[in-house]
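Please construct the entire structure, taking both the sequences and the accompanying hints into account.
Take a look at the letters that make up each chain.
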Amino acid sequence: MTKAYILDNNILIINRDLTQLDIFVRDFLKVLKKYSTYLLVSGYVSICTGRTRATEDIDLLVPLLDKTTFVTLFRELEKNLFWCYQTNNPEEAYKYLLKKINIRFARINEIFPNIEFIPVTKEKRLQFFELNHPQEIQIKGFHFKISPLEFEILYKEIVLGSEKDKADAKHLRVMFSDILKSEKFKEYEQLIRSEHQ
Amino acid sequence: MKNLTSLEFVEFYSEKIKEDNTLFKQQKMLIESQMKSSSSFFLNKLGKKNFKENARKYLREMGLI
Numbered sequence: 001m002t003k004a005y006i007l008d009n010n011i012l013i014i015n016r017d018l019t020q021l022d023i024f025v026r027d028f029l030k031v032l033k034k035y036s037t038y039l040l041v042s043g044y045v046s047i048c049t050g051r052t053r054a055t056e057d058i059d060l061l062v063p064l065l066d067k068t069t070f071v072t073l074f075r076e077l078e079k080n081l082f083w084c085y086q087t088n089n090p091e092e093a094y095k096y097l098l099k100k101i102n103i104r105f106a107r108i109n110e111i112f113p114n115i116e117f118i119p120v121t122k123e124k125r126l127q128f129f130e131l132n133h134p135q136e137i138q139i140k141g142f143h144f145k146i147s148p149l150e151f152e153i154l155y156k157e158i159v160l161g162s163e164k165d166k167a168d169a170k171h172l173r174v175m176f177s178d179i180l181k182s183e184k185f186k187e188y189e190q191l192i193r194s195e196h197q
Numbered sequence: 198m199k200n201l202t203s204l205e206f207v208e209f210y211s212e213k214i215k216e217d218n219t220l221f222k223q224q225k226m227l228i229e230s231q232m233k234s235s236s237s238f239f240l241n242k243l244g245k246k247n248f249k250e251n252a253r254k255y256l257r258e259m260g261l262i
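If you're matching them up, the sequences are chains A and B in order. One point on numbering: in our numbering, the residue at position 64 of the first sequence is 64, and numbering is uninterrupted. Position in the second sequence (from 1) plus 197 gives the number in our numbering.
Think of the hints as simulated: they come from the structure by calculation, not from any bench. Even for Gly, the Cβ is constructed at its ideal location relative to N, Cα and C. Keep in mind that a hint or two might mislead.
[Unchecked claim] Computed spacing ranges between beta-carbons, pair by pair: (1) SER235/B / THR69/A: 38 to 44 Å; (2) LYS140/A / PHE209/B: 22 to 28 Å; (3) ASP66/A / SER203/B: 40 to 46 Å; (4) ARG53/A / ASN241/B: 20 to 26 Å; (5) GLU136/A / LEU256/B: 29 to 35 Å; (6) SER182/A / LYS249/B: 33 to 39 Å; (7) MET259/B / THR68/A: 19 to 25 Å.
Here you go:
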């Protein structure tokens, strides 16, 4: 039997084949990475590490880009057969981001799964923190960034708290019990509770 | 045999998959089956010709945009 993962130079390497969901995410990130940093958070973190459940959206934190960069990104996403739920007009889409409203992208002729594109600024302290403390992960040559595992677990347990979130957190606690660090739990719990009293 | 709660099942399954990566095959099948069903359902419902327009109308009705 082969273990599900190893930690190599602080990169989490998951021993499995890519799913169509991973390929959807990979294709989106291939375009995004040319223009911006990013962080995958929430349900996909649990799913890409083995939680067996369905999902409709992939939550993606992206720093608020300048307008020109965003418009170029938007047009390239369209060329790569993604469409935006809200509008075909990149300048209009940018107005949503300025208002801190998430926008969504799916593959052409599909609704789900979709990328929930979440603009992050310094004012969103927790998301800004996550974005700047990524955990690197690799699955069959697909290299990407997710939130720190301890942060993800605590956020799901303390802030979100639905049955689905508790189950996702349980999966991460069990799956990564060998590598989770108590000092990180302490640090992140203080941070999260300071924002969510 | 004790019936597992959903959270106990998650714990049980995560312990198994952690030690045996062949279980990822089941996960892949479930995820891809869901994606395929969703894709066929919405393509049939909304049609290929005006998919975006129809999809936006549907998403507005559902309160998703």
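Here is how each hint holds up against the structure:
| no. | hint | verdict |
| --- | --- | --- |
| 1 | SER235/B / THR69/A: 38 to 44 Å | violated (32 Å) |
| 2 | LYS140/A / PHE209/B: 22 to 28 Å | holds (26 Å) |
| 3 | ASP66/A / SER203/B: 40 to 46 Å | holds (45 Å) |
| 4 | ARG53/A / ASN241/B: 20 to 26 Å | holds (25 Å) |
| 5 | GLU136/A / LEU256/B: 29 to 35 Å | holds (34 Å) |
| 6 | SER182/A / LYS249/B: 33 to 39 Å | violated (49 Å) |
| 7 | MET259/B / THR68/A: 19 to 25 Å | violated (33 Å) |
The earlier numbered hints that this structure contradicts are 1, 6 and 7.
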